[in-house]
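There are 4 protein chains.
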Amino acid sequence: MESIKRFFKNDKFGEHVGIELLEVSVGSAKVKMEIKDYHLNSHKTVHGGAIFTLADLAFAVASNSHGTIAASINANISYIKAATTGTLIAEAKEVAINPKLATYTIHVTDDAGDIIAIFQGMVYRKKAAIDASHE
Amino acid sequence: MESIKRFFKNDKFGEHVGIELLEVSVGSAKVKMEIKDYHLNSHKTVHGGAIFTLADLAFAVASNSHGTIAASINANISYIKAATTGTLIAEAKEVAINPKLATYTIHVTDDAGDIIAIFQGMVYRKKAAIDASHE
Amino acid sequence: MESIKRFFKNDKFGEHVGIELLEVSVGSAKVKMEIKDYHLNSHKTVHGGAIFTLADLAFAVASNSHGTIAASINANISYIKAATTGTLIAEAKEVAINPKLATYTIHVTDDAGDIIAIFQGMVYRKKAAIDASHE
Amino acid sequence: MESIKRFFKNDKFGEHVGIELLEVSVGSAKVKMEIKDYHLNSHKTVHGGAIFTLADLAFAVASNSHGTIAASINANISYIKAATTGTLIAEAKEVAINPKLATYTIHVTDDAGDIIAIFQGMVYRKKAAIDASHE
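Protein chains in written order, with this note's numbering: chain A, 124 to 258; chain B, 124 to 258; chain C, 124 to 258; chain D, 124 to 258.
Simulated from the structure, these hints should not be mistaken for lab results.
Glycine is no exception: its CB is placed at the ideal position from the N, C-alpha and C atoms.
You may find that some hints are simply not true.
Stated by the list, open to error - Calculated pairs, DSSO-like style, for lysine-lysine (alpha carbon to alpha carbon, straight line, at most 30 Å):
1. D:Lys-204 - C:Lys-128
2. C:Lys-249 - B:Lys-216
3. B:Lys-159 - B:Lys-132
Stated by the list, open to error - Label pairs and their in silico Cβ distance ranges:
4. C:Lys-223 - A:Glu-138: 30 to 38 Å
5. C:Tyr-161 - B:Lys-223: 31 to 39 Å
6. C:Glu-143 - A:Leu-145: 41 to 49 Å
7. B:Tyr-161 - A:Ala-205: 20 to 28 Å
8. B:Met-124 - D:Asp-160: 43 to 51 Å
9. C:Lys-223 - A:Gly-150: 30 to 38 Å
10. C:Tyr-161 - B:Glu-157: 50 to 58 Å
11. B:Glu-157 - D:Asp-160: 27 to 35 Å
12. D:Asp-160 - B:Ser-148: 39 to 47 Å
13. B:Ser-148 - A:Thr-207: 27 to 35 Å
14. D:Arg-129 - B:Leu-145: 42 to 50 Å
15. A:Lys-159 - C:Arg-129: 48 to 56 Å
16. A:Thr-191 - C:Ala-235: 24 to 32 Å
17. A:Ala-205 - B:Glu-138: 14 to 22 Å
Can you make the complete structure from the sequences, with help from the hints?
Pasting the structure below:
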């Protein structure tokens with residue numbers, strides 16, 4: 124799990140958007156984002172791009188947790204409730220996996236436990252290991 | 124079109140991610156993002172969340188260009204080619220519209236004109252005007 | 124629940140495609156499809172349209188189980204494993220609901236319990252009841 | 124183009140749903156479906172599964188027109204307008220292609236030329252030819 128934590132640390136966009144890793148295990152991950160002023164859109168709610176990025180990081184960590192590079196090829200997000208303050212959590216679960224392709228479902232929730240968005244993502248899994256030498 | 128430009132300027136997340144508005148007309152919009160180090164993921168390519176946010180801004184501007192608030196309810200993105208340097212452009216076009224719902228297709232392209240990602244988005248259109256007093 | 128069962132019986136396309144209702148409760152549903160020769164595509168596997176239709180029926184029953192008409196506005200399907208023989212089951216669960224919009228996740232599985240496809244669907248809920256007089 | 128026409132003829136589900144091939148060229152295809160009573164859902168409009176299947180056939184023909192097997196891995200559909208009578212047309216266009224993955228956009232229109240649904244599909248392209256010996 125060290126290499127996947129390093130994988131997360133090297134994600135500059137995740138850092139730029141203020142996303143922190145909470146948990147990771149093989150095929151699943153949990154990340155959080157404390158809502159800041161810079162996350163808002165012109166309706167004063169958290170920007171869809173910020174919510175997507177949070178879900179996408181959980182997805183990236185979960186799908187890369189197997190030790191081989193997984194490239195995201197498709198993602199679908201449905202927005203359920205607007206978010207304005209507090210902390211958002213995204214939790215990714217692996218739903219199905221075959222040697223080349225895998226699918227993940229990510230739920231984004233707010234402090235009240237309400238679902239903010241649902242994200243369904245698909246990866247194409249390449250053969251090379253992320254960093255097998257350090258595992 | 125003044126109110127939609129103000130709508131874009133008030134988007135703090137768009138500013139945080141370095142997105143600029145190039146063009147807007149009723150039902151369409153074009154935005155750009157010069158790739159910076161902070162846009163990269165741990166594979167050293169532009170983060171899916173950054174590409175999504177770029178497309179999402181074009182989508183938001185195009186769908187809010189009618190003068191009534193349009194809330195994004197669903198988005199689907201397919202990633203075609205990785206991007207590493209240069210400038211990315213996202214162009215949104217309205218594909219279909221009815222009083223409540225509308226659909227947009229957004230193409231993200233790189234400096235070579237190659238498609239980086241395709242984004243399909245849907246909005247639920249509310250009645251209230253963005254800022255009718257200044258139109 | 125009588126009106127929702129009638130709702131299912133009146134679905135002519137579901138009948139044409141050989142789909143049967145197994146279970147329904149508020150916000151969830153289970154349907155099945157015994158694979159027949161007419162479900163196959165030219166690769167001799169179950170056609171994506173047949174798998175989608177099966178999932179869509181579970182989605183329609185679950186989303187219309189509240190007694191108000193719910194119109195499907197978006198669906199996303201990821202195909203995980205090809206199916207060739209036996210019976211496919213689709214199970215729909217309501218993930219989130221607000222007065223106007225709701226989201227459902229549907230899993231399609233085969234006789235081995237393996238996931239064939241994942242379906243994420245969104246409805247726009249209208250006010251009128253399906254048939255409140257008989258509830 | 125003979126092999127792709129044979130590919131279409133061998134699609135039993137397409138035949139079961141009453142879909143006809145109108146045009147095919149490398150990367151694009153056009154199919155039609157005359158609305159019959161068996162296409163309707165319990166709201167007396169064309170079933171989402173029938174519309175999806177129509178779009179999916181255009182997608183399958185377009186993506187298999189290169190002479191190598193293309194397996195659908197993801198599809199997203201947005202429904203714009205209900206259809207009740209007449210003929211529906213689905214037209215598929217290849218938006219982007221790389222050696223392994225390709226993306227298609229399909230528009231479904233009615234007799235008035237109005238858009239009924241938008242479909243975005245992705246294939247994973249395998250190496251083997253459909254039937255190179257007969258080309």
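Determine whether the Cβ-Cβ distance between Glu-157 (chain B) and Asp-160 (chain D) falls within the hinted range of 27 to 35 Å. Once the Cβ atoms are compared, 56 Å apart, the range 27 to 35 Å for Asp-160 (chain D) and Glu-157 (chain B) is violated.
Using the Cβ atoms, figure out if Lys-223 (chain C) sits within 30 to 38 Å of Glu-138 (chain A). 36 Å, holds
That 43 to 51 Å hint for Met-124 (chain B) and Asp-160 (chain D) (C-beta), does it hold up? 48 Å, holds
Verify the CB-CB distance for Tyr-161 (chain C) and Lys-223 (chain B) against the hinted window 31 to 39 Å. 37 Å, holds
Pairwise hint evaluation, Lys-216 (chain B) against Lys-249 (chain C), where the allowed Cα distance is 30 Å at most: 28 Å, holds
Holds or violated: the 39 to 47 Å window for the beta-carbon distance between Asp-160 (chain D) and Ser-148 (chain B)? About 43 Å separates the Cβ atoms of Asp-160 (chain D) and Ser-148 (chain B), which means 39 to 47 Å holds.
Taking the CB of Arg-129 (chain D) and the CB of Leu-145 (chain B), does the distance hold inside 42 to 50 Å? At roughly 47 Å between Cβ atoms, Leu-145 (chain B) and Arg-129 (chain D) fall inside 42 to 50 Å, so the hint holds.
Measuring from beta carbon to beta carbon, are Ser-148 (chain B) and Thr-207 (chain A) in 27 to 35 Å? Since Ser-148 (chain B) and Thr-207 (chain A) have Cβ atoms about 31 Å apart, the given range 27 to 35 Å holds.
Could you say whether the range 14 to 22 Å given as a hint is met by the Cβ separation of Ala-205 (chain A) and Glu-138 (chain B)? 20 Å, holds
Verify the proposed pairing of Lys-204 (chain D) with Lys-128 (chain C), using a straight-line Cα cut of 30 Å. 26 Å, holds
With respect to the beta-carbon atoms only, verify the hint that Tyr-161 (chain C) and Glu-157 (chain B) lie 50 to 58 Å apart. 54 Å, holds
Would you say the C-beta atoms of Glu-143 (chain C) and Leu-145 (chain A) sit inside 41 to 49 Å of each other? 43 Å, holds
The structure does not agree with numbered hint 11 stated previously, though it agrees with all others.
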